[in-house]
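> Here are the chains, one letter per residue:
Protein chains: 2
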Amino acid sequence: MTAKSKSEGPSRKDKDRLDRKTIDAIQDAARKVHGKIEKGQKPEMSFPVRSLQNVHFDKAKGYFEIGRSKKSRTLTVSTVRTFAQTLKMMSLSKDLVETNDFATKRDAYYQSKNCAEAGFHDQAESDTVMDDIEALFSIEGLSREQLRFIPDEHGGAVAGELIVNDPDYATGAVHRIDCTQFGSGAYSIPSLVEHLSFETNAKFVLAIETGGMFQRLQSHRFWEKADCILVSMAGVPTRATRRFVRKLADECRLPVYAFVDCDPYGISNIYRTLKVGSGNAAHVSRFFYVPQARFLGVTPQDIVDYKLPTHPLKEIDVKRAKDALKNDPFFKTYPVWAKALEQQLRMGVRAEQQALAKWGLNYVIEEYLPEKLAKADRFLP
Amino acid sequence: MTAKSKSEGPSRKDKDRLDRKTIDAIQDAARKVHGKIEKGQKPEMSFPVRSLQNVHFDKAKGYFEIGRSKKSRTLTVSTVRTFAQTLKMMSLSKDLVETNDFATKRDAYYQSKNCAEAGFHDQAESDTVMDDIEALFSIEGLSREQLRFIPDEHGGAVAGELIVNDPDYATGAVHRIDCTQFGSGAYSIPSLVEHLSFETNAKFVLAIETGGMFQRLQSHRFWEKADCILVSMAGVPTRATRRFVRKLADECRLPVYAFVDCDPYGISNIYRTLKVGSGNAAHVSRFFYVPQARFLGVTPQDIVDYKLPTHPLKEIDVKRAKDALKNDPFFKTYPVWAKALEQQLRMGVRAEQQALAKWGLNYVIEEYLPEKLAKADRFLP
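Those sequence lines, one after another, are chains B and Y. Numbering-wise, this note's numbering comes out as the position in the first sequence, counting from 1, plus 13. Numbering-wise, this note's numbering comes out as the position in the second sequence, counting from 1, plus 13.
Take these hints with a grain of salt, some might be off.
Simulated DEER-style distance windows between Cβ atoms [what the hints assert, rightly or not]:
| # | chain 1 | residue 1 | chain 2 | residue 2 | range |
| --- | --- | --- | --- | --- | --- |
| 1 | B | LYS335 | Y | THR89 | 25 to 33 Å |
| 2 | Y | GLU328 | B | THR87 | 51 to 59 Å |
| 3 | Y | THR89 | B | ALA137 | 53 to 61 Å |
| 4 | B | GLN314 | Y | GLU207 | 37 to 45 Å |
| 5 | Y | LYS17 | B | THR92 | 56 to 64 Å |
| 6 | B | LYS335 | Y | ARG44 | 24 to 32 Å |
Keeping only pairs whose Cα atoms sit at most 27 Å apart, straight-line, the calculated DSSO-like set for lysine-lysine is [stated by the list, open to error]:
| # | chain 1 | residue 1 | chain 2 | residue 2 |
| --- | --- | --- | --- | --- |
| 7 | Y | LYS320 | B | LYS126 |
| 8 | B | LYS216 | B | LYS17 |
| 9 | B | LYS385 | Y | LYS126 |
| 10 | B | LYS34 | B | LYS84 |
Example chain B residues on the side facing chain Y (calculated, C-beta under 8 Å, incomplete) [what the hints assert, rightly or not]:
| # | residue |
| --- | --- |
| 11 | GLY22 |
| 12 | THR117 |
| 13 | ASP120 |
| 14 | ILE163 |
| 15 | SER204 |
| 16 | LEU205 |
| 17 | THR223 |
| 18 | ALA262 |
| 19 | VAL331 |
| 20 | ALA370 |
| 21 | LYS371 |
Hints in this document: simulated from the structure, not taken from any laboratory. Keep in mind that this is a model prediction, so the values were computed, not measured. Don't be surprised by glycine CBs; every beta carbon is placed ideally from N, CA and C.
Chain B extracted, bound-state conformation (with noise of 0.2 Å):
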């Protein structure tokens, strides 16, 4: 494969001085928590407050974006254990990174059983002061992935026209993963992406939301007819796989239209979730948000124009589609999604991405892909 487009990727250097900035944000930190110590005062740490309340969404900018609210703790008798397990985590963080290591939640709950006191006592606490410290140096520009903290979660799938190039900053060594030739299988993305770069002369990445599809499309070569890559969401994306997409449509400069299901869920949490980010995560959101995404489908006009088969909408579809209607800044921003929820509402129906299979398992191949993919500048924003 000959590339057209190609993305360097961080040096090695590059690498050392995100790393060096991180340390030292750390450091600096810890540093205003140990003078104020030794000028006799009462040690705080103030962190943005995580909810829904302080999140701001500007269409502009394209993301849920974290609002200026912050919560205080002093060290008190009463955070005094809180205040230390912050601390430990920040250093555990520090040590992370100085070995070019990572650990996952569950490791760095582990970890701490050996702080006597500090300990935390359940992985709940251990997320809040994580999540903490992910929304603190977020200020910054760091995200959790450059304190080396990994999701425990799967990565998806890819396949398609793309090579992925994995350094091994210790050795020097570069692999060079050539995602079309993996027969009927796929590349399964890692935990942590920000090492790698990519080569690619595709059009477009197509973000898919089930397994089914994806082999299906992937069996069957679609990425070699449309020049594009593939890529297996398996539901909502993983924190790991938005950020793969993310930096992929950044670098190599690629829209990236999404088809999943045509429901309350699909749309809203699977599709908004890619596009702009979570409500709950809005302190990380401008690391994984994916403002080059548009809605292929499956459309609720899709349902009309190709006399789709269809489930009622159920009871949660219903309440999740006037949640979003009411309260989803993202669909408050755009007046045809709200149409189009509304239009769902007044249908009453849902559609399977897969229910294209009623015209022959392949006409998603043959009509429906092609047909939509000719008329992009309509898709959904």
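Fit chain Y to the supplied structure of chain B, relying on the hints for placement.
Just chain Y, lined up with the frame of chain B:
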């Protein structure tokens, strides 16, 4: 990589022979129905009963085997829809084999939407018919995958000392996938694995419960130190993952070591399913069970030996362990397993595989796994 072990994989001829056998079996079943109708008699079909009551476990065979109980379905006014649906589904399978295509359960359900009165009302209905057909043809040694019905689940991830050969029967090209070359990423197992073959010099397969532990072992290239193949199961392994591990273990004569959480779910759901199959799908266990599997850990005794941090057993854990001891033919067959479960019930606690992080994030790589692997002959069966 130079491989010591190499599997041949099915040739185009093998594949054609098996496909011919599948089509013949479908046509035979259809012909019997047709013959009865021609003679003016009521046609009937009989299927193995799929329930735990109709399951045997024979230690020598090593998998959950379906018994002799059958249920008959005679064509009457009340069975006419199901009868027609069964024939339609068999006809779809025949088409899929002939065109070398495949369908998920959902695809099959939606395909029926064009069958007027014989269409399925809901997916539960089509799943039952598919399970019946699968049970029917399993007697002839044909798996659901051979009938070209594939699961809609994501496949597991693989990394390490393995080359997967994936032939494209249409073009004759063979993709040679080197699983040492994925950097921090991995190979994602496709839904159908029958056509794959392998080259390896690994000494064993390590089947891992969590994505986080898999990423740790993969990023630190544990497979290189230990000469092995890493497989991420991400919970209870999917059918594609189990079949992949089984083929690999069979064809390259490799032992399989399971590395899961020490709780009744890890032991009785994940490990038991990997090794002998699941109770309610006993009619297909013979295709999926992995008799080579042995239990590396985490064992209840490991909790003591490695002083692991624990959580109390939940009510569901206790129920699961007691059920396994009382009703599960696998645990009733192996007294050492019954002892281990009883030990866990006595201790009243469980431990996650990531609990080893208490002793350092890479304690698992530097101490735990090498120590355990040196005494592989003592692994639980």
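> For each hint, tell me whether it holds in the structure or not.
Hints versus structure:
1. Distance hint for B:LYS335 and Y:THR89: a CB-CB separation of about 46 Å, inconsistent with the stated range 25 to 33 Å.
2. Our hint of 51 to 59 Å for Y:GLU328 and B:THR87 is violated, since their Cβ atoms are close to 40 Å apart.
3. Checked against the given bound of 53 to 61 Å, the beta carbons of Y:THR89 and B:ALA137, roughly 57 Å apart, stay inside it.
4. For B:GLN314 paired with Y:GLU207, a C-beta distance near 40 Å keeps the hint of 37 to 45 Å intact.
5. In this structure the hint that Y:LYS17 and B:THR92 lie 56 to 64 Å apart at CB holds, the actual value being about 59 Å.
6. With their beta carbons about 55 Å apart, B:LYS335 and Y:ARG44 fall outside the hinted range of 24 to 32 Å.
7. Using a Cα cut-off of 27 Å, the hinted pair Y:LYS320 and B:LYS126 holds, with the two alpha carbons roughly 11 Å apart.
8. The straight-line distance between the Cα atoms of B:LYS216 and B:LYS17 is roughly 10 Å, inside the 27 Å bound, and the hint therefore holds.
9. Restraint check: the Cα-Cα separation between B:LYS385 and Y:LYS126 comes to about 23 Å, which is no more than 27 Å; the hinted pair holds.
10. This hinted pair checks out: B:LYS34 and B:LYS84 have alpha carbons roughly 24 Å apart, not beyond 27 Å.
11. At about 12 Å, the closest approach between the beta carbon of B:GLY22 and any beta carbon in chain Y exceeds 8 Å, and the interface hint on this residue is violated.
12. With 8 Å as the threshold, the beta carbon of B:THR117 comes within range of chain Y, its nearest partner Cβ sitting at about 4 Å, so the hint holds.
13. Because the beta carbon of B:ASP120 sits about 4 Å from the nearest beta carbon in chain Y, less than 8 Å, this interface hint is met.
14. This hint holds: B:ILE163 has a C-beta 7 Å from the nearest C-beta of chain Y, less than the 8 Å allowed.
15. The interface hint given for B:SER204 is met, as the beta carbon of that residue sits about 5 Å from the closest beta carbon of chain Y, less than 8 Å.
16. Given hint, B:LEU205 at the interface with chain Y, holds; its Cβ is 7 Å from that chain's nearest Cβ, closer than 8 Å.
17. Interface restraint check: B:THR223 against chain Y, minimum CB-CB distance 6 Å, threshold 8 Å, status holds.
18. At its closest, the beta carbon of B:ALA262 sits 18 Å from a beta carbon of chain Y; the interface hint therefore is violated under the 8 Å criterion.
19. The interface hint given for B:VAL331 is broken, as the beta carbon of that residue sits about 19 Å from the closest beta carbon of chain Y, more than 8 Å.
20. At a threshold of 8 Å, the smallest CB-CB gap from B:ALA370 to chain Y is about 4 Å, leaving the interface hint in force.
21. With a least beta-carbon distance of about 4 Å to chain Y, the hint placing B:LYS371 at the interface is held under the 8 Å criterion.
Hints 1, 2, 6, 11, 18 and 19 from the earlier list are contradicted by this structure; the remaining hints agree with it.
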